[in-house]
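*Asks:* Protein chains in written order, with this note's numbering: chain A, 136 to 405; chain B, 204 to 538.
Where hints are given, some of them may not hold.
Computed footprint of chain A on chain B, listed as stretches where at least three residues anywhere in the stretch have a Cβ under 8 angstroms from a Cβ of chain A [what the hints assert, rightly or not]:
1. 250–263
2. 279–285
Covered stretches of chain A (chain B as the covering partner; in silico rule of three or more C-beta atoms under 8 angstroms from a C-beta of chain B) [claimed, not checked]:
3. 155–169
4. 228–241
5. 270–280
Honestly, the hints are just simulated from the structure, not real lab data.
Cβ coordinates follow ideal geometry from the N, Cα and C atoms, glycine included.
In case you want the letters, here they are:
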Amino acid sequence: MSAATAVADGLVVAKRNLIKIKRVPDLLVFTTLSPIMFVLLFAYVFGGAIDQQGGGKGYREFLIAGIFAQTVVFGATITGAGLADDVQKGIIDRFRSLPMSPSAVLFGRTLSDVVNNVIVLFVMSVTGLIVGWRIRTSFLEALGGYLVLLVFAYAISWIMAWVGMLVPTPEVVNNASFIIIFPLTFVANTFVPLDTLPGPLKAFAEWNPVSAVTQAARNLFGNNNPASNGADPTGWALNHPAVYTLIWAAGVLAIFVPLANYQYRRSTSR
Amino acid sequence: MTDDAITATGLVKHYGSVRALDGVDLRVPKGSVLGLLGPNGAGKTTAVRVLTTLIRPDAGSATVAGIDVLANPGEVRRHIGVSGQYAAVDEYLTGQENLEMVGRLYHLGRQPSRERARELLAQFRLEDAADRTAKTYSGGMRRRLDLAGALVARPPVLFLDEPTTGLDPRSRTEMWEVLQELVKEGTSLLLTTQYLEEADLLADEIVVIDHGKVIAQGTADQLKGQVGGERLAITVKDGAQLATAGRLLAPLGTAPASTEENRRSLLMPVSGGVAVLTEALRLLDSAGIVLDDVGLRRPTLDDVFLTLTGRGAEDEAAPLDGRVLASAAASGDQR
């Protein structure tokens, strides 16, 4: 199986997943409406309450990168739920009986979820701009911010791909992953400055990769408004957030790409 | 060996403590149809999954289209078409998109995939639904689309796992016609089913499995012969005459009859078809026995299966015991 064939097969699978975004109402809402809702909710409900003096503007700007990070992490459940659904419906059986590249289903799946995340980030950015968020750096730095978010989300997708191949139904993916994702995205600097957290939580949050990706995006978008951000970040991870995020993503990919592929070769419906 | 489309030798597969396959041997000569029969959980689907490279057996070996399944699964996949028990179509893709995708994944190329998809949709009378998502298809249409998916690359060997389970009678008949057409064109077919009728119609050879073991094999007629051909079933109006009726009819039976007093009924294996039925009616009429119901019933898979497991597949000469007949009668009553 040549590499070109593997890529072509992956693209065929990715195309199939992308067609579904248009046709499955749940996915369409997840991709377009929820991101808008997240930005508006957090910006006005939290933004208004926390930063009264600045009219919520400074905190709002601080928040956006956190919302981006949280949303792409939640988006990774689509990877897992989509695969679990394919296993349940027997579509994986069909794929596995075809002479296609064995890794194409997972690469296609994670690839289509990158495209999905690009749409999500675009929708959120436009909404953010409307409510007063601004990118205060150069074009290249901003691009870097988006890339860090996408790379991070891609790594999480592979964890979810593995989970999706393991569990019996898509619902289990959703329920199981929320137990992990909620603490991961909230015990972090996504919505609050870290110096407000009690000791152990603060230590966790400082090394939480979600904090790092948020901090990296915040730096690259120029949204580190000191008035809202509190003290400068402490700890190596948050002082080198982009590097830490990329190391973390590389580590996750090194473990979960082989693991998910192994699970794919073993799985059959039910 | 190259004259066989499928061979399997000593296939074993465990799931925990369950032996899903316990030493299964199969052989499907090129261009022929093997019907794999058995109740739910007998190991039919596991056997198909091993042969279609979806799972690896714990022991044994198999070839498909002359290729070693264990050593070269990738090559096997180029020569097979598989249609599963649950129509594996993507319900959010249209019929055309589903088949095109399969064509691309068989590496037929973009344009040939598109053309082949159109061709198959026409062949399976799905042209009008070609651009509708499969979600809107009826059960029968989904099955046809799934089967079309298995045929995209014109595979010489086809595996169908319960292709008509859950279909209404009309869709089932349509599916049979399609399959007969394919076989006529030279496709080798392994078909699992729960319906003896289906195997009877399509299969050249039938293998019955249970608890992961082959318990019988032969043509449909041979298997039916093993369970005593047809059964004559009568219900008398007056229960007191049941014994007399049994005595009168006994010479017509190929095995002793079983009677059910409280139902005033009798069931007896016979051979000879309508002639036997006519003779039975004449005998009963001349003795003044009035009937509520009478009929000839062909053995069902239930009969084959119960008979085989009830007294052991190798013990063909033993008379049918009461338990088997009682169950057979019960299943007959459900129709």
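*Asks:* Hint by hint, note whether the structure agrees.
*Replies:* Hints versus structure:
Coverage of a stretch by a chain is defined here by at least three residues with a beta carbon nearer than 8 angstroms to that chain's beta carbons; for the region 250–263 of chain B and chain A the count is 5, and the condition holds. With 4 residues carrying a beta carbon less than 8 angstroms from a beta carbon of chain A, the region 279–285 of chain B meets the three-residue requirement, and the given coverage holds. Interface restraint, the region 155–169 of chain A with chain B: holds (3 residues with C-beta to C-beta distance below 8 angstroms; minimum three). Counting residues of the region 228–241 of chain A whose CB falls under 8 angstroms from any CB of chain B gives 9; the rule of at least 3 is met.
For the region 270–280 of chain A, the stated coverage by chain B is violated: 0 residues have a C-beta nearer than 8 angstroms to a C-beta of that chain, whereas at least 3 were required.
The structure is inconsistent with hint 5 alone, although it conforms to all the rest.
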